[in-house]
Amino acid sequence: MHGERKVRGGKLVVVDATVSADTIIDVVLSGDFFLEPDEALGWLTAALEGQPADASLDRLTASLDAAARDAVLVGFGTRDIALTVLRALGRATTWDDLDLEIVETGPLSPTMQMALDEVIVRQVAEGRRAPNLRFWDWASSAVVIGSYQSLSNEVDEAAAERHGIEVVRRISGGGAMFIEPGNTITYSLAVPDTLVAGMSFQESYAFLDEWVLRGLRSVGIEAAYAGLNDIASPVGKIAGAAQKRIPGGVLHHVTMAYDIDADKMLEVLRIGREKMSDKGTRSAAKRVDPIRSQTGLGREKVIAALLAEFEQSFGAAYVGLDQATIDEAAALVVGKHGTREWITRVP
Numbered sequence: 005m006h007g008e009r010k011v012r013g014g015k016l017v018v019v020d021a022t023v024s025a026d027t028i029i030d031v032v033l034s035g036d037f038f039l040e041p042d043e044a045l046g047w048l049t050a051a052l053e054g055q056p057a058d059a060s061l062d063r064l065t066a067s068l069d070a071a072a073r074d075a076v077l078v079g080f081g082t083r084d085i086a087l088t089v090l091r092a093l094g095r096a097t098t099w100d101d102l103d104l105e106i107v108e109t110g111p112l113s114p115t116m117q118m119a120l121d122e123v124i125v126r127q128v129a130e131g132r133r134a135p136n137l138r139f140w141d142w143a144s145s146a147v148v149i150g151s152y153q154s155l156s157n158e159v160d161e162a163a164a165e166r167h168g169i170e171v172v173r174r175i176s177g178g179g180a181m182f183i184e185p186g187n188t189i190t191y192s193l194a195v196p197d198t199l200v201a202g203m204s205f206q207e208s209y210a211f212l213d214e215w216v217l218r219g220l221r222s223v224g225i226e227a228a229y230a231g232l233n234d235i236a237s238p239v240g241k242i243a244g245a246a247q248k249r250i251p252g253g254v255l256h257h258v259t260m261a262y263d264i265d266a267d268k269m270l271e272v273l274r275i276g277r278e279k280m281s282d283k284g285t286r287s288a289a290k291r292v293d294p295i296r297s298q299t300g301l302g303r304e305k306v307i308a309a310l311l312a313e314f315e316q317s318f319g320a321a322y323v324g325l326d327q328a329t330i331d332e333a334a335a336l337v338v339g340k341h342g343t344r345e346w347i348t349r350v351p
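Just add 4 to the spot in the sequence shown (first one is 1) and you have our numbering.
Keep in mind that the hints were calculated from the coordinates and are not lab data. Heads up, some of the hints might be wrong.
Here are the computed distance ranges between Cβ atoms for each label pair [unchecked claim]:
#1 A308 to K10: 27 to 33 Å
#2 A230 to H6: 33 to 39 Å
#3 E304 to D42: 28 to 34 Å
#4 A312 to F211: 33 to 39 Å
Every residue gets a Cβ at the ideal spot worked out from N, C-alpha and C, and that includes glycine.
Full structure from sequences and hints, please.
What follows is the structure in structure tokens.
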């Protein structure tokens with residue numbers, strides 16, 4: 005088996021080994037890293053010899069930590085070695101290992117969008133669908149609340165009804181999103197959990213959106229991650245991400261403000277002072293700076309630039325939405341996402 009890991013901001017780590025009787029043997033650790041003393045290479049290699057092939061990341065890291073003694077590792081760490089072992093075993097993957105698709109759906113209702121996300125990530129986790137990217141087209145306006153948010157605390161339902169805005173709940177955590185067709189850019193990634201093996205949630209957010217930051221820079225926005233799950237430019241927040249992990253799969257979705265009606269948003273969403281207390285501003289309207297004002301580009305041109313970056317980075321085939329998936333999602337709308345019980349799971 006052979007695995008490689010380029011440490012972000014660091015060096016390349018390579019592990020070659022054999023698996024025999026569910027045990028890792030014949031380990032060769034190499035790379036362009038720096039390591040002192042010279043004998044430490046043998047200590048680290050010995051820590052991997054005889055490990056079970058199903059050893060966890062934590063177990064491998066702990067064994068390497070114990071073996072490292074007072075060694076100095078420069079450009080990599082023991083956790084990077086452990087992750088490289090998982091890659092060699094096929095238990096951690098890279099973008100290059102994936103045959104990706106871009107799923108095109110056309111405009112869908114808010115409840116259908118929620119259900120489709122859940123169905124697609126389940127299909128990826130079960131090996132029924134290739135890992136994929138999906139840009140959303142909204143058929144109508146919506147407020148999307150996080151899985152654990154209180155409906156009454158987050159949304160003025162009377163105001164939402166007055167403006168014809170549907171309230172839906174997604175399966176991921178995070179905060180509420182105000183959506184109007186043509187005024188937001190939303191996408192989902194559904195990938196195997198091996199792609200983020202060993203990463204914390206915070207690390208995986210930034211990792212899964214690296215291509216988006218490159219795409220935004222290509223249209224003139226100097227975007228970067230801010231905090232756990234916000235994407236911001238020097239003049240304000242432009243997007244929020246959310247994530248849901250299930251056995252075998254990860255759903256990661258992002259909503260960007262292209263051109264927001266801040267007055268209407270503040271009528272519908274209840275955004276209190278506590279929510280804003282760590283944001284450095286008193287006004288939610290001032291926090292969100294639409295992409296249109298920073299680029300001068302139409303929404304479709306921005307999406308096209310992001311798609312071009314994704315294709316150039318990873319390669320991907322365009323596919324339509326098959327009828328079986330549509331039917332599965334429609335059933336989930338009836339049984340879950342379109343029900344009052346789900347919307348009010350936290351009243």
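Earlier hints that do not hold, by number
Numbers 3, 4 - these are the hints that the structure violates, sorted from lowest upward.
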